[in-house]
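Asks: Chain by chain, the residues:
Protein chains: 2
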Amino acid sequence: MATTAVSVVDVCRSAQRAARALARSDTATRNRALRAISTALLERAPEILAANERDMQAGRDAQIGDALLDRLLLDHDRLAAIAAAVDQIVALPDPVGEVIDGHRLPNGLDVRKVRVPLGVIAVVYEARPNVTIDATALCLKSGNAIVLRGSSTAVNSNAAMAAVASEAAVAAGLPEGCVSLLSGDHGELAELATQKHYVDLIIPRGGERLKAALEEVATIPVIYAASGNCHVYVDASADPEQAEAIVLNAKTQRPGVCNAAETLLVHSEIAPVFVPRILSALHDAGVELRADERTRALAGGVASAGDGSSVSSLTLAQATDEDWDTEYLALTMAIAVVDSTEEAIEHVSRHGSGHSEAIVTRDTASARAFQLGVDAACVYVNASTRFTDGGEFGMGAEIGNSTQKLHARGPIGLRELCTFKYLVEGDGHIRV
Amino acid sequence: MATTAVSVVDVCRSAQRAARALARSDTATRNRALRAISTALLERAPEILAANERDMQAGRDAQIGDALLDRLLLDHDRLAAIAAAVDQIVALPDPVGEVIDGHRLPNGLDVRKVRVPLGVIAVVYEARPNVTIDATALCLKSGNAIVLRGSSTAVNSNAAMAAVASEAAVAAGLPEGCVSLLSGDHGELAELATQKHYVDLIIPRGGERLKAALEEVATIPVIYAASGNCHVYVDASADPEQAEAIVLNAKTQRPGVCNAAETLLVHSEIAPVFVPRILSALHDAGVELRADERTRALAGGVASAGDGSSVSSLTLAQATDEDWDTEYLALTMAIAVVDSTEEAIEHVSRHGSGHSEAIVTRDTASARAFQLGVDAACVYVNASTRFTDGGEFGMGAEIGNSTQKLHARGPIGLRELCTFKYLVEGDGHIRV
Numbered sequence: 001m002a003t004t005a006v007s008v009v010d011v012c013r014s015a016q017r018a019a020r021a022l023a024r025s026d027t028a029t030r031n032r033a034l035r036a037i038s039t040a041l042l043e044r045a046p047e048i049l050a051a052n053e054r055d056m057q058a059g060r061d062a063q064i065g066d067a068l069l070d071r072l073l074l075d076h077d078r079l080a081a082i083a084a085a086v087d088q089i090v091a092l093p094d095p096v097g098e099v100i101d102g103h104r105l106p107n108g109l110d111v112r113k114v115r116v117p118l119g120v121i122a123v124v125y126e127a128r129p130n131v132t133i134d135a136t137a138l139c140l141k142s143g144n145a146i147v148l149r150g151s152s153t154a155v156n157s158n159a160a161m162a163a164v165a166s167e168a169a170v171a172a173g174l175p176e177g178c179v180s181l182l183s184g185d186h187g188e189l190a191e192l193a194t195q196k197h198y199v200d201l202i203i204p205r206g207g208e209r210l211k212a213a214l215e216e217v218a219t220i221p222v223i224y225a226a227s228g229n230c231h232v233y234v235d236a237s238a239d240p241e242q243a244e245a246i247v248l249n250a251k252t253q254r255p256g257v258c259n260a261a262e263t264l265l266v267h268s269e270i271a272p273v274f275v276p277r278i279l280s281a282l283h284d285a286g287v288e289l290r291a292d293e294r295t296r297a298l299a300g301g302v303a304s305a306g307d308g309s310s311v312s313s314l315t316l317a318q319a320t321d322e323d324w325d326t327e328y329l330a331l332t333m334a335i336a337v338v339d340s341t342e343e344a345i346e347h348v349s350r351h352g353s354g355h356s357e358a359i360v361t362r363d364t365a366s367a368r369a370f371q372l373g374v375d376a377a378c379v380y381v382n383a384s385t386r387f388t389d390g391g392e393f394g395m396g397a398e399i400g401n402s403t404q405k406l407h408a409r410g411p412i413g414l415r416e417l418c419t420f421k422y423l424v425e426g427d428g429h430i431r432v
Numbered sequence: 001m002a003t004t005a006v007s008v009v010d011v012c013r014s015a016q017r018a019a020r021a022l023a024r025s026d027t028a029t030r031n032r033a034l035r036a037i038s039t040a041l042l043e044r045a046p047e048i049l050a051a052n053e054r055d056m057q058a059g060r061d062a063q064i065g066d067a068l069l070d071r072l073l074l075d076h077d078r079l080a081a082i083a084a085a086v087d088q089i090v091a092l093p094d095p096v097g098e099v100i101d102g103h104r105l106p107n108g109l110d111v112r113k114v115r116v117p118l119g120v121i122a123v124v125y126e127a128r129p130n131v132t133i134d135a136t137a138l139c140l141k142s143g144n145a146i147v148l149r150g151s152s153t154a155v156n157s158n159a160a161m162a163a164v165a166s167e168a169a170v171a172a173g174l175p176e177g178c179v180s181l182l183s184g185d186h187g188e189l190a191e192l193a194t195q196k197h198y199v200d201l202i203i204p205r206g207g208e209r210l211k212a213a214l215e216e217v218a219t220i221p222v223i224y225a226a227s228g229n230c231h232v233y234v235d236a237s238a239d240p241e242q243a244e245a246i247v248l249n250a251k252t253q254r255p256g257v258c259n260a261a262e263t264l265l266v267h268s269e270i271a272p273v274f275v276p277r278i279l280s281a282l283h284d285a286g287v288e289l290r291a292d293e294r295t296r297a298l299a300g301g302v303a304s305a306g307d308g309s310s311v312s313s314l315t316l317a318q319a320t321d322e323d324w325d326t327e328y329l330a331l332t333m334a335i336a337v338v339d340s341t342e343e344a345i346e347h348v349s350r351h352g353s354g355h356s357e358a359i360v361t362r363d364t365a366s367a368r369a370f371q372l373g374v375d376a377a378c379v380y381v382n383a384s385t386r387f388t389d390g391g392e393f394g395m396g397a398e399i400g401n402s403t404q405k406l407h408a409r410g411p412i413g414l415r416e417l418c419t420f421k422y423l424v425e426g427d428g429h430i431r432v
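Top to bottom, those sequences are chains A and B. Just so it is clear: in the first sequence, position 316 is 316 by this note's numbering, and no numbers are missing. Just so it is clear: in the second sequence, position 223 is 223 by this note's numbering, and no numbers are missing.
You may find that some hints are simply not true.
[What the hints assert, rightly or not] Selected chain B positions facing chain A (Cβ under 10 Å, derived; list incomplete):
hint : residue
1    : 109
2    : 245
3    : 249
4    : 369
5    : 372
6    : 379
7    : 383
8    : 419
9    : 423
10   : 427
[Said to hold, decoys possible] Cut-off 30 Å, straight-line C-alpha distance, at most; resulting in silico cross-link-like pairs (DSS-like, lysine-lysine):
hint : chain 1 : residue 1 : chain 2 : residue 2
11   : B       : 113       : B       : 196
12   : A       : 196       : A       : 211
13   : B       : 196       : A       : 211
14   : A       : 196       : B       : 196
15   : B       : 113       : A       : 211
16   : A       : 196       : B       : 211
17   : A       : 113       : A       : 196
18   : B       : 211       : A       : 113
19   : B       : 196       : B       : 211
20   : A       : 211       : B       : 211
21   : B       : 113       : A       : 113
None of these hints come from the bench; they were simulated from the model. Values in this document were obtained by computation on a predicted structure and should not be read as measured data. Where is the CB? At the ideal position from N, CA and C, for every residue including glycine.
With the rest of the complex left out, here is chain A (with noise of 0.2 Å):
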């Protein structure tokens, strides 16, 4: 496996030979290079856990701080749910070889467009150590090389599991070089991010400052694994015990990611009943509450919240120009009231993402409105935003969410890890 003694361009021409072999290996050839990895990750634990104890005292001594230490931490438990991770990998459909579209020309030529996979794809991530795996599993099941990038935080931990990982899967009879880590040295991510011959994607999985990191550098294709401002808006006609629901389970399942809702929106008409009751709900629930003009008028009525305390228009915080940009990934959100569907739109449109946007309405014409009107990886009526994720779209894994419009949309699976190619047939056919 390549280390820090190759240069960066020589591991991605390393990958870019393992690639041309992995495009014409079998699916079952893939699949026993994944259970592989999965069992040598647990036969390997010890070398693997002791690697990520000196990640560990090197945080400590850096003081990189609690939350930081908790995602780079590695246990025997931990291990065993990457492991579990592959073997559900193992289990998805191969994505290469699937005929997209098919059909006979009128001079008798057959076309067949066929998904392949993309190449090489470099993926640069941060702390969380078991992306070296899972980003792995992912691209070699996809018939792909991967080239990762971690960050120095993790230094040892990602070359014990890069190592163990690369010698399971040539064991397995998968090309040497089909997984490959770099150092994690300054200066590599730009040699990276413009080796045009050799590598077909860069997949950043990090912060808003990685993402800037890459833009500044690029020339290779780049997904962009991106930041979620969420809005949910609920419409005049909503049911309002459906629509509290929905901002509940949107903004405060899992607050740290990126299909969270970070904004509401509620109509006018319906504004003076909902209001005090999703203010006294999200209170309830911990949030923290950044309101406009109208919103904060309306919570002046709020009834007494169940813990006895109250929202007031005292209480709640004026909301900024800023926060309407702003992905919290915290119990915060922003409010506002809106006067028609069209408004609704038209504040989506300024200030979202293009990641997961919702409507809770009871009428057929808002619901189309909005869906026709949204431009987002997916909108959702009548139903949270936290359902933008591979897994419960029924891809399997994902390696992200892209929020571009090209190539990927939405979850990133295996599908989109591919690319294709059209494959033609004839006999003797030349054109006239």
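We have chain A; now place chain B onto it with these hints.
Replies: Relative to the frame of chain A, chain B by itself:
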């Protein structure tokens, strides 16, 4: 319509507003706009031809050469052909709203993956003014707003045609700003290629210089309608007659286009018979040949060609390393002898541009190996590379051929000018 007085960012912002309305427009309205454009091109022919004459005069003054002048020229017949091409796009099925995929999740949520317009597409093109209308018709048909940026050589022709198209489309009910033309000023390209808030895709239609210029500056997604260094590989088991017909067709039927073949590879087992035959045939067709040593050695035995001349190793130019990477776009062909299908695949991997590659063979194993092993948009068995074309593939029209792997590969038709979104419908569904 936007003209020189308006900044690039204003044009793009206005295009985005138009795109939002276009995304909700129905097929009938968009088709009506296309028919109005087609009609207006003929009704307003005098002003278009007058504008074209100004460009022609400037071109003659600047001595741009007969070939470029011919590409620039518009007359009644050419305008009629441009209008007819628009009518053909009217007749194509609307890609917008197509349900690509859909199913009900175990929890009862209904998921549909629906094709939707990309939004704003920028098309950057060189001399040929017909692109102004072709690209506009394809973008409007697929529900996208278009920002055009032509060359300064055709500035008057482009402005006249874009004005006609824009006015006709708006009169037919499409939003203001759906068709805009930039002035063609220096510096605009870099500004256009970085409008990440307003432009969803930029498509260059031009030569390698335009591609290089864009690679330098673009931060928004680009689909390169790129060059084709295409090969025909004649396998040991090929039918010589079929092979000759395919090679001649791929090389000579229209040598100046991207799907024409540039290099011929011949298996060493068939080479003693086939090389003299194909050299003679290519020579008769006026093709200049660049051959490797082994081909030259076989050329000595070439029989007298049809015109009484003969091809011998003495008149066969030696191919240089550069030849294998050259897209001649002319009646020139490089030839090499290889010892196996594997070696042919290896040559294509090293030198091909991922466009169109063909094998001529009677052996199923060779055909399968070539299809699996060659990484290109279109891989042919016993057919000419010249079939790579949206029209030939039954897509109707195309805006070019993509040699990249993400989003669009091969002909870029109406579907490739679209993205998709997931529409998810529930009845109060929340994630547990």
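Asks: Look at each hint and say if it fits the structure.
Replies: Okay, the hints, checked on the actual structure:
no.: 1; hint: 109; in the structure: 6 Å, holds
no.: 2; hint: 245; in the structure: 5 Å, holds
no.: 3; hint: 249; in the structure: 4 Å, holds
no.: 4; hint: 369; in the structure: 8 Å, holds
no.: 5; hint: 372; in the structure: 5 Å, holds
no.: 6; hint: 379; in the structure: 6 Å, holds
no.: 7; hint: 383; in the structure: 3 Å, holds
no.: 8; hint: 419; in the structure: 4 Å, holds
no.: 9; hint: 423; in the structure: 5 Å, holds
no.: 10; hint: 427; in the structure: 6 Å, holds
no.: 11; hint: 113/B to 196/B; in the structure: 25 Å, holds
no.: 12; hint: 196/A to 211/A; in the structure: 19 Å, holds
no.: 13; hint: 196/B to 211/A; in the structure: 14 Å, holds
no.: 14; hint: 196/A to 196/B; in the structure: 22 Å, holds
no.: 15; hint: 113/B to 211/A; in the structure: 27 Å, holds
no.: 16; hint: 196/A to 211/B; in the structure: 14 Å, holds
no.: 17; hint: 113/A to 196/A; in the structure: 25 Å, holds
no.: 18; hint: 211/B to 113/A; in the structure: 27 Å, holds
no.: 19; hint: 196/B to 211/B; in the structure: 19 Å, holds
no.: 20; hint: 211/A to 211/B; in the structure: 25 Å, holds
no.: 21; hint: 113/B to 113/A; in the structure: 19 Å, holds
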